[in-house]
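Using the hints, position chains B, C and D against chain A.
Residue numbers (the working numbering), protein chains in the order written: chain A, 1 to 530; chain B, 531 to 865; chain C, 866 to 1185; chain D, 1186 to 1737.
Because the hints were derived from the structure by calculation, they are not lab data.
Take these hints with a grain of salt, some might be off.
[As the list claims (entries may be wrong)] Below, simulated DSSO-like cross-link-like pairs (lysine-lysine); rule was C-alpha separation at most 27 Å, straight line:
1. C/Lys915 <-> D/Lys1272
2. B/Lys589 <-> A/Lys125
3. B/Lys654 <-> D/Lys1610
4. D/Lys1272 <-> B/Lys654
5. A/Lys528 <-> A/Lys510
6. B/Lys589 <-> A/Lys412
7. A/Lys335 <-> A/Lys456
8. C/Lys955 <-> A/Lys399
9. C/Lys955 <-> A/Lys281
10. A/Lys189 <-> A/Lys104
11. B/Lys784 <-> D/Lys1246
12. A/Lys335 <-> A/Lys294
13. B/Lys654 <-> D/Lys1317
14. C/Lys955 <-> A/Lys346
15. B/Lys589 <-> A/Lys189
16. A/Lys390 <-> C/Lys915
[As the list claims (entries may be wrong)] Estimated spans, in silico, between C-beta atoms of each pair:
17. B/Trp857 <-> A/Arg205: 40 to 48 Å
18. D/Asp1269 <-> C/Arg898: 48 to 56 Å
19. B/Trp857 <-> D/Leu1669: 53 to 61 Å
20. C/Arg898 <-> D/Gly1212: 38 to 46 Å
21. B/Ala854 <-> D/Arg1482: 39 to 47 Å
22. C/Leu1100 <-> A/Gln293: 39 to 47 Å
23. B/Thr583 <-> A/Gln293: 24 to 32 Å
24. A/Asp147 <-> B/Thr583: 35 to 43 Å
25. C/Arg898 <-> B/Trp857: 50 to 58 Å
26. B/Trp857 <-> D/Thr1588: 53 to 61 Å
27. C/Leu1100 <-> D/Lys1395: 33 to 41 Å
28. C/Ile903 <-> B/Val642: 38 to 46 Å
For each residue, glycine too, the CB sits at the ideal point set by N, CA and C.
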Amino acid sequence: MFGKIIRNIAIAGLLASSVLASPAAAFERTDKGNVIVFGGRQAIPVLDPHVRYDWSTRMIQQAVYDALLKYEGDPAELKPWLAEKWETSADGKTWTFHLAKTAKFHNGDPVTAEAVRYSFERGLKLNKGVAWMLKDFLAPEGISVVDDYTVKFDLKAPYAPFLSFLPWWYIVNPAEVKAHEVDGDYGQKWLTDHAAGSGPFKLGRWEPNVLYEVESVQNYWKGWPQGDKNRPAGVIFKIIREPAAQKAALQRGEADIVEGLTPDDYVQIKRVPGVVIEDHKGMTTFGIKFNTQKGPTADINLRKAIAYALDYDALIQVYNGAATLETSPLPDAMKGHVAVPGMPRKDLAKAKEYLAKSGYAKGGITLPYVHVAGLEEARRIGLVLLDSLKPLNINVEIKPEQWPNMVANGSKVETSPAMTSVYTTPVSTDPDAVAYQYHKASWGQYYAMMFYDNPKVSEMIDKARGSTNWDERAKLYADIQTQIVADQPEVFGMLQNRRWARRDYLQGFKFSPVRFTGEVDLYPLWVKAE
Amino acid sequence: MLTFAFRKLLTLVGTMIGIAALTFLITNVAPGDPARLVAGPNATEDMVATIRTEYGLDKSLPEQFIVYMGDLMRGDLGQSIVTTRPVMEEVLRYAPATLELVFVAMALGIVVGVPLGMLSAVYKDGPLDHVTRIFSISGVALPAFWFGIILQLMFAVDLGWLPVSGRLPLVTRPPETVTGLLLVDSLISGRFQTFWTSLQHIILPAVVLSFPCLASILRVNRAEMIEVLQSDYIVAARAHGIASFRIVALYALKNAMLPTLAMIGLRFGWMLGSTVLVETVFDWPGIGLYAVSSALSSDFKPVIGVTLMIGFFFIVANTLVDLAYAWIDPRLRSA
Amino acid sequence: MTTPITSPSTPPAAAITMIDQTELSRPLTFRERHASQIRQWRLYAHMFRKSFSSMLGLTLVVLFLLLAAFGPLLAPYPEAASGAIDMSNKLMPPTGANWFGTDEMGADIFSRVIMGARTSLWIGLIITGIGALVGVPLGIIAGYGGGWLRAIIMRITELFLAVPGLALALAIVAALGPGITNCVLALALVWWPGYVRLVEAKTLSVKEELFVESARSIGARTPWILWHHILPNCLSPIIVKMSMDMGMAILSAASLGFIGLGAQPPAPEWGAMISVARTYMPDWWWYSLFPGAAIFLTVLGFNLLGDGLRDILDPRSRDR
Amino acid sequence: MTGPLLDIRDYRLDIGTFDGPVHVLKGINLTVNRGDTLGIVGESGSGKTVLVRSVLGIGPKNSRVVEGGITFDGQDITRLSEKDWTKIRGIRISMIFQDPMTYLNPLFTVGRQISDVIAAHEKAAGQGVSPKAARRARTEELLDQVGLPNPSMLFGQYPHQLSGGMRQRVLIAMALAGKPDLLIADEPTTALDVTVQAQVLDLINSLVEKLNLTVVMISHDIGAIATVAKRCAVMYRGEIVEQGLTADILSRPQHEYTRRLLAAVPDIDAAAAKIPAEPVAPEPAGPGALLEAIDLRKIYRSQSGAEVAAVKGISLSVRTGEIFGVVGESGSGKSTLARMLLRLIEPTSGDIIFDGRNISGLAGEPLRQMRRHMQFVFQNPHSALNGRHTIGDAIGEPLRIQTGMSRRDIEARAEALLDIVQLPKMFKYRYPHELSGGQKQRVCIARAIALNPRLLILDEPTSALDISVQAQVLDFLQQLRAELNLTYVFISHNLAVIRQICDRTIVMKRGEIVEQGETERLFLSPQQDYTRTLIESGRKTSRAANLADHAG
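Chain A extracted, bound-state conformation (with noise of 0.2 Å):
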């Protein structure tokens, strides 16, 4: 063996000399075709659907898996996919879904009604990743076979956003993952880097922490949008973690297209050649939550007058301009969505007035602001929220926490900060996603830190979700918000714009706001080829 070994270095040194380092590509082509590449900082540890979601997981589970239903469009849709009608009872509580016949998962076995089931079944069993959508209202019971092509579900009681999770619930092949069942695990060992789906990709290559790729399959059941002939051979998600090497590797055609990269950045990248940057609104909000139980934060006057001494242009500043200021604690791409009038803006005069009428007229305290570790722009809102509260003479502590101890200190009133910094991305369009973070029922939610307590904003909440008339709930839901700002129990920061940066001959890129930050629909997108 080490002849030849031998041998081949020298062979190899000969070739050397005559191959230089290769010119970038404009982008990777194999023999099957165009490779998109995709460069993200974001691993996929577990690919499993039922399992985990994140961004950059549900971008491949995306590709690789079909829901009854898919959100598109901006603002985001509700589409048929897997079922192509549906109907509901006039209760709210039976839900009646028609497959699609001509859906094929990937072995070719078709996708039925069976499938459906078991997929919900092991969802909800399994109780991990998605589960908490429905199993309060659904049971593994509650769902039957009409016939091959039909599926009920019969809720426990009704509950007006059920269908706007759908599209995260993902279908897998049960004989599949039956025949790869260990211990009973419902085969999550195979699932974590294998997939049994019938959506438009099919994986390719594995190599986690590296690069993850996925083959676009060749007779989607539900044909490709760009046309057969210019669906790529495959997208690669490709771990590039540092934001300098993503912007090398975009600058250098090693990538079509990059999330993650510094708002500094995109403002510097759309002026190379060649590179279009994606910039549109999203649903994700951010809010500095006050513990309103316990120490300073509990003084409504004190939460009012920070709220009106935070510099909200800095907040917007922060992203160069890729920013909107929230209007109401619901986004604005939110069904029921209403813009509360004096939502605090900065009034450095009102501040003082409400310090005044606080607990702590003269300040001198200090006030602990915990963030994410490793979360930029949240680091630099805490710079902001320093330097604001100066004047008021209140000192600012900017913590960053590990995610898990963050939110498990967050979790008891006792240990929560006093102030928090929290990004929440709605998994669905239905307003019940974010009013239900003022819930009482949602103390020890990460979302749920300021442990808001208006027994009447919750009586208003449980009532919306439960009726299944629009108009009704929408009253509801404007009369939320209004009370909700009232009480201040959080600063209303800004909703951040999503962005990538792309070359420009990738095409097909379609944006939808209920996606995660980062996500993006790999199914329409293609090169176009000069």
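Coordinates of chains B, C and D only, in the frame set by chain A:
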């Protein structure tokens, strides 16, 4: 010899257990709930509990410790809570990349460091000596992460001579795995283009990693050479008319190699530790990067696993150094 | 190629005999009584001055200490270190007003780099201080005491040494959570074994010296021997190591800061600054360049100084 | 073939130091003709080593030839380039070094080292390097020539596998390998035991005769010089104070220094003119003895578990007021014995009785108290003093440890002690490295007597010192004993010294007593072969015997 080997093995096992216990205790003293991270942002309390039970995190710390040590005896490093996979499997997958990087860096360090050390010892207090001195101390003082970024910008972004990061170009499929070292595997399968590109990829990280190591090898070698060149037997060799070159390159070097070898062993461990920085900068998919990303998500089993693995490589390297010592020094051979 | 004649151990006998002849009954002046020490220090100074690199090291360290001591007076915008922002002025290249440019919050990088010296000084002092305070006594006890005590101390030491310090520190900070205190704590925790090993080895050789036996023969107790004989003779390598370690500790803390586990902004710590600044490469090169250069020069200074000290105090010791 | 082989003319050499240049060699004039054997005698610091190394072009680094020069075989070699040196060094001039351990490279076999020299010689001679086998044969021939047994086995051995004497022979073989015109021997016997010294000197003599060598040998040991050299030069402080035929110089020294030097050499054949201690009345051993050892044993356990006995059941009895000698070659266990007597090393078994009290079981405070009465003077004064303490601290240390004296009193006492050992008071501010060897040994003695002990154990107190200093220290020790009423246990490998001062003596070999008795009787009528060999060897290197040879 057999008792020697047996004793070494015993020490190795003992040290491994010690390291495992140490890192387990260290990483478990603080609060922190990785189960929450894994369960996802919207998970309810009972969903988090499901995960805790699954990973045995609901048990008391002493219980967890006993379970962990018991598993360790069977060669099981536990399960990563983030990737859900056995840590042993993952560590073994990432280890070759790290080893390849460390080997290349070490080779660079030795090939450059030893002759430079020799030269500056021979021309002690000359201009070359002064230059290498500043150079070598700079090597130790350079922050690897910063240096890596600067090199990346210069050679990859600005000049475009070398790739920015990673081990291989995106579409290049890695050669069939034999050793896990791409440079070797590509040669075995005769894929010269792959060999060449993977060589291009490894240059920058290897240079960054090897720089401090090169510097200290150089310094030790220089110091030793100076001492050896002053020693009586070298004076004698000179007095007996042996040619200067032969004295330096053969007689003195062999004697000076002993402490240099010790330094190489030491630096090997140091390099393994520094991969956490270099691999982060260069997106090099090795155990260092694995450790950092696990540490950042409070996933401690992989951190312990990597620490153990690094300790293991380090001990093995030092054992090899001991053997090399005995090979070079006849006084140790007979003892 | 024989032993250099300039070594301090061979002063000309003439220097001494001359004073002997003038032995008087009058009380001796300070200079006379301490002629030996004065000569020794002059010799040290002479050797040190001769070496360009040692002087460079000394200069850098003195500069660093000055910055640490008078940072707030020297920095043009000292408030930049405590998180003052000026968003309208962010990411400005170096100008007359901002010599090193400004960062992403509009803070003056020059001021932050200067103020960072103090942070780094504390980090270095605390880590090496704790390392030496814990390691030196343990090393002396292990080296001199022998037996099971030595076995236990050395086993634990080897255990720590079997894992590269950075990897272990990473694990510790990851568990404790990021922050400058935890980072210093973690590094101190992995730093002491180096001293144990150094001092133990040195003690083992010093204790074989005749003067130790001699002290025993006149009935000296063990603590006496440790304090008066062993420790003073271990001091040179300890001083050299501490000087080198100041640099290395600063570097390690910066490394953890870079990974995101060390000091956290707005604390003006150089590693943490680079950690943020790296995302601003290459277009805003000044942001990472200057903190990086500050780390480099500081660590270089301490290393050159330590190297120079080694040459005059402990010329035969091995590079570690 | 006319003219001298080596001619040194008005040679002056300076070495630059921190305090300015030091004149190491001052106007040296020496001539060596072919077939000459020249001895250069001098004490440490006399410049003899610098001189011969200059002849070989391996002198000290910072040196500068101020005046004069060296001519070798008609060629001026004062300032040769390194390249030209390679044609001379090791080829035409070769050297035998003093310490056989440090002058052999520990990592290469003996054969390899010698055959490399052969190869170098052949290359320099321009005749092309002969094949390995031929060089091996020549190496083995050389090994045989220097009297080493089984050369073919020796060829593959490493230096550490040989004894000191064998290594010295290997060094000689190496020096001969280049068939040199001039052979320089630098203290070739200093590091060896007495019996081995004699053998090596015999070998050199026989080689000189057989190979008709031209030899320059330097040594501090005038006896060794007398054995080998026909002509002799005496060096003192960088100058040659006297040169001529060895016999003449030995019998009729002209220079004052030479006379002093010769007088200082202890004579093995001279009955001692001892300064009597108070009552010399010989007491019987047993009760009344100051120190007794009964069946002392020390067994070391090596790493492999094997037991090595350093001292095998020794009993002895030291009377009050006498000087009790212990003589033996290296490895005889005498140092271990000495340390056991003071409980610096724990005996494996046996009892030590001091002044009627069994001290072998003492520990802690009582043992510390004991130490007031028994003190130790170590062989090597250079390392027996802590380099970081001033002399004053060193002398005051016992007082600080054992007494509650005030600082001021201790200072005064230290000054008084310096007075007793005849050193200036100023020295209390000095550091050990600033003192000469003899001065340091006096400090060690002062330290030892600080607590007014009754017994001093002196472990080779003079072997690290120059001969002239040795004589002074020995004299001083005897005076001191008389003044302070001390009892000595005196350990030495030098029989002449033993004979000069000891009342009774034991001879040790491999941890056992071979012979014991009154010193004079031991020397006049030794009962054991080993004792006889020791005395014979000692005599060989002694002045008187050679003086007789040369004179006759």
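Each hint tested on the structure:
no., hint, result
1, C/Lys915 <-> D/Lys1272, "36 Å, violated"
2, B/Lys589 <-> A/Lys125, "23 Å, holds"
3, B/Lys654 <-> D/Lys1610, "43 Å, violated"
4, D/Lys1272 <-> B/Lys654, "25 Å, holds"
5, A/Lys528 <-> A/Lys510, "16 Å, holds"
6, B/Lys589 <-> A/Lys412, "21 Å, holds"
7, A/Lys335 <-> A/Lys456, "21 Å, holds"
8, C/Lys955 <-> A/Lys399, "23 Å, holds"
9, C/Lys955 <-> A/Lys281, "24 Å, holds"
10, A/Lys189 <-> A/Lys104, "24 Å, holds"
11, B/Lys784 <-> D/Lys1246, "24 Å, holds"
12, A/Lys335 <-> A/Lys294, "33 Å, violated"
13, B/Lys654 <-> D/Lys1317, "35 Å, violated"
14, C/Lys955 <-> A/Lys346, "21 Å, holds"
15, B/Lys589 <-> A/Lys189, "23 Å, holds"
16, A/Lys390 <-> C/Lys915, "53 Å, violated"
17, B/Trp857 <-> A/Arg205: 40 to 48 Å, "43 Å, holds"
18, D/Asp1269 <-> C/Arg898: 48 to 56 Å, "53 Å, holds"
19, B/Trp857 <-> D/Leu1669: 53 to 61 Å, "58 Å, holds"
20, C/Arg898 <-> D/Gly1212: 38 to 46 Å, "39 Å, holds"
21, B/Ala854 <-> D/Arg1482: 39 to 47 Å, "41 Å, holds"
22, C/Leu1100 <-> A/Gln293: 39 to 47 Å, "58 Å, violated"
23, B/Thr583 <-> A/Gln293: 24 to 32 Å, "30 Å, holds"
24, A/Asp147 <-> B/Thr583: 35 to 43 Å, "38 Å, holds"
25, C/Arg898 <-> B/Trp857: 50 to 58 Å, "55 Å, holds"
26, B/Trp857 <-> D/Thr1588: 53 to 61 Å, "57 Å, holds"
27, C/Leu1100 <-> D/Lys1395: 33 to 41 Å, "56 Å, violated"
28, C/Ile903 <-> B/Val642: 38 to 46 Å, "44 Å, holds"
In this structure, the hints that do not hold are numbers 1, 3, 12, 13, 16, 22 and 27, in rising order.
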